[in-house]
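K.L.:
Sequence:
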Amino acid sequence: SKTISKCYVQVTGMTCASCVANIERNLRREDGIHSILVALMAGKAEVRYNPAVIHPAAIAELIRELGFGASVMENCGEGDGILELVVRGMTCASCVHKIESTLMKTNGVLYCSVALATNKAHIKYDPEAIGPRDVIQVIKDLGFTTSLVKKDRSASHLDHKQEIRQWKRSFVVSLVFCIPVMGLMIYMMVMDSQLSDAHAHHNMSSEEMEALHSSMVLEYQLLPGLSVMNFLSFLFCVPVQVFGGWHFYIQASRALRHNTANMDVLVVLATSIAFLYSFIILLVAMAERARVNPVTFFDTPPMLFVFISLGRWLEHVAKGKTSEALARLISLQATEATIVTLGPDNVLLSEEQVDVELVQRGDIVKVVPGGKFPVDGRVIEGHSMVDESLITGEAMPVTKKPGSTVIAGSINQNGSLLISATHVGADTTLSQIVKLVEEAQTSKAPIQQFADKLSGYFVPFIVAVSVVTLFAWIIIGFVDFEIVEKYFLGYNKSISAAEVIIRFAFQASITVLCIACPCSLGLA
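What the sequence shown shows, in full-length UniProt numbering, is residues 1 to 524, in sequence order.
No lab work stands behind these hints: they were computed from the structure. Honestly, I wouldn't trust all of these hints.
Unchecked claim - Derived DSS-like pairs: lysine-lysine, alpha-carbon spacing no greater than 30 Å straight-line:
1) 319 x 44
2) 6 x 366
3) 44 x 366
4) 140 x 366
5) 401 x 161
6) 44 x 150
7) 150 x 161
8) 435 x 120
9) 150 x 140
10) 161 x 140
11) 366 x 150
12) 150 x 435
13) 124 x 6
14) 124 x 321
15) 161 x 319
16) 319 x 168
17) 168 x 105
18) 168 x 140
19) 44 x 435
20) 319 x 435
21) 124 x 140
22) 401 x 150
23) 120 x 150
24) 161 x 321
25) 372 x 435
26) 44 x 6
27) 401 x 44
28) 321 x 366
29) 435 x 453
30) 321 x 372
31) 124 x 105
Claimed, not checked - Computed beta-carbon distance windows for the label pairs:
32) 161 x 288: 19 to 29 Å
33) 483 x 192: 23 to 33 Å
34) 149 x 319: 26 to 36 Å
35) 420 x 172: 51 to 61 Å
36) 380 x 149: 46 to 56 Å
37) 134 x 64: 49 to 59 Å
38) 331 x 468: 53 to 63 Å
Being a predicted model, the structure only gives us computed values, none of them experimental. Backbone N, C-alpha and C define an ideal beta-carbon position, used for all residues, glycine too.
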C-alpha cells in the first residue's frame, strides 16, 4: 500500500469560500495529493499526500502559484483531537490500567491518561483514524459508563459586569471625596496669591481683608498644629484610601508576591506614602504645638485614584461590549446533531441524536428544514436554501446543492440536507471566530506590553531617585545648613538643626515619589 503522510500548510490571503474551493479544486488535480481540506478562518490547509511523489514544500509552492501566501507548518500536532471524559465505575488502579492499556492499543489513539481520583480521562487521538464516539464505545465495552465533560457553553469567563461594577464604585467614591479636597486646594491657592499681592502693596482693601479672614478660617487651628484645612483634607482622604484604593492594594500585593512591579504598585506606593507622611507630619506638628501649619499631601491620593479608576472602568466597559458580541456568537452553536447511517444508494438505515462534540469527521449528518448546521461540511444529498447571514453577513439565502460547503451555525431553510462533516469541534468556522475574538480580548496591545515592561523598570527607578534625593539633602544640610534654611520656610526655631534637615529631606523625597507616580505612566 502507498504510504500517505499528512502536512499542514498555513495559507494567507483567503477572503471567502470561493478561495477555499479554488485551492481545493486545483490541488486535488495534482499528482500525489490524496486529499486536501482548507479551513478559512484558521487559514490552514490539511493535505494528505504521497511522500514518494510530492513533498510539503512543493505543496506550499502550488498554493502560492494560485496567488495565496503559503508556508508549511512545522508542528503537525495541531490536528490532534482532544477528548475529556468522565468515567464512572472505576474502583481501583487496575481499572485505570485496563482502560489506559486498551485505549493505547486502539488504532488512532495517541495518548491517554485516566485519573482515578477525579474520574476523568484525557485522550488525544488522530481524527483521521478514530473519533470520540469510537473511544467512548471502547470504554463502554470494558464495562464502564462514560460521558463527555460538559463544556460551559455560556461565555461566563468573558463577563466583565462584576469588574465594571467594582471600578465604577471605586471611581464614584474617589470622585465624591476628591471634589471637596480639590475645591479647598484651589481656594487656598487663590487666597495665597491674593494675600501675597496684598502684602506687596501693604494697603489692603476691605475685600482683601475679607479674603484674608476667610483663608484664616481654613488656616485656623482646631488644635495646636492642626488646621481646619488639613483636618478636612484628612477626613476626605481616608475613605478614598480605603474604599477607592481597595482593589489597587489587592493587585499590588499580588504583583509584589511575584516579585514584579506594575502600575498598581506605583499607585499604591505613592498614595500610601503621601497619606502616611502627611498623617505623621500632622501628628508631629500637633505634638510640637507648631504655630505654622505643615505642608501636607492629602490631595494626591484622591486625585490619583479618580483618574486611574476612571481609566480602568472605561477599559472594562469596552471589553464588556466585545464580550456581549462573543456570547451571542457562542450561543449560535447547535448543541445536538442527527447522525445517520447510509446504506447503498444513500438509503437511510438508521439515525441517532448525539452531542455536537461527538460528531466525527466523515460522519453523515442530517439537517432538517429550520435546523442549524452543527458542523462545517459538504452537502452529499438534497437541495436547499441556507441563511448564512450570521457568518458572512449576506442577507440573501444561499443555494446549496450536492458538493456545496456549509458553515456550522447557519440555518437551513426549506429542504432537508445530508452533509458529510469536514470540520468538527474546535475546527469549525464558528469556533475559530470565537477563538480569534477571545485571543484579541486576552492579548494586550503592543503599546500596553511596552508600558508594563517600562513600569517594571520605572517603579524601582523612581524609588531609587527619591531615596537618592533623601540622602542628598541630608548631606547638603549637614554640610551647608543655610541652603536648607533658605528653602524650608517657617520651621519651628525650637527644633534642632538635624531634625530640620531630616524633615526637609523627607519632604523633598516624598515630593519626588508623589509627582513621578501619576503623571508619567498612570494617566498615559
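K.L.:
Against each hint, give a clear statement of whether it holds in the structure.
P.N.:
Results for each hint:
1. 319 x 44: 28 Å, holds
2. 6 x 366: With a Cα-Cα distance of about 29 Å, the restraint between residue 6 and residue 366 holds, given a limit of 30 Å.
3. 44 x 366: 26 Å, holds
4. 140 x 366: It holds: about 26 Å lies between the C-alpha atoms, which stays within 30 Å.
5. 401 x 161: Roughly 45 Å between the alpha carbons, so the hint for residue 401 and residue 161 is violated.
6. 44 x 150: 28 Å, holds
7. 150 x 161: 24 Å, holds
8. 435 x 120: 25 Å, holds
9. 150 x 140: 18 Å, holds
10. 161 x 140: Given that 30 Å is the threshold and the Cα spacing comes to 43 Å, the pair is violated.
11. 366 x 150: Holds. Residue 366 to residue 150 sits at ~24 Å (cutoff 30 Å).
12. 150 x 435: Within the cut-off at roughly 18 Å; holds.
13. 124 x 6: Judged against 30 Å, a Cα distance of about 17 Å means the pair holds.
14. 124 x 321: Violated, because 35 Å separates the two Cα atoms, which is more than 30 Å.
15. 161 x 319: At roughly 10 Å apart (the allowed maximum being 30 Å), residue 319 and residue 161 satisfy the hint.
16. 319 x 168: 14 Å, holds
17. 168 x 105: Violated. Residue 168 to residue 105 sits at ~57 Å, over the 30 Å cutoff.
18. 168 x 140: 52 Å, violated
19. 44 x 435: 15 Å, holds
20. 319 x 435: 15 Å, holds
21. 124 x 140: Distance of about 18 Å is within 30 Å: holds.
22. 401 x 150: 34 Å, violated
23. 120 x 150: 12 Å, holds
24. 161 x 321: 10 Å, holds
25. 372 x 435: It holds: about 20 Å lies between the C-alpha atoms, which stays within 30 Å.
26. 44 x 6: 13 Å, holds
27. 401 x 44: Satisfied, since the Cα-Cα distance of roughly 25 Å is no more than 30 Å.
28. 321 x 366: 36 Å, violated
29. 435 x 453: OK: residue 435 and residue 453 at ~27 Å, within 30 Å.
30. 321 x 372: 26 Å, holds
31. 124 x 105: 13 Å, holds
32. 161 x 288: 19 to 29 Å: 51 Å, violated
33. 483 x 192: 23 to 33 Å: 24 Å, holds
34. 149 x 319: 26 to 36 Å: Holds - the Cβ-Cβ distance for residue 149 and residue 319, about 28 Å, lies within 26 to 36 Å.
35. 420 x 172: 51 to 61 Å: 57 Å, holds
36. 380 x 149: 46 to 56 Å: Distance hint for residue 380, residue 149 is violated at roughly 31 Å.
37. 134 x 64: 49 to 59 Å: Check failed, 37 Å falls outside 49 to 59 Å.
38. 331 x 468: 53 to 63 Å: 58 Å, holds
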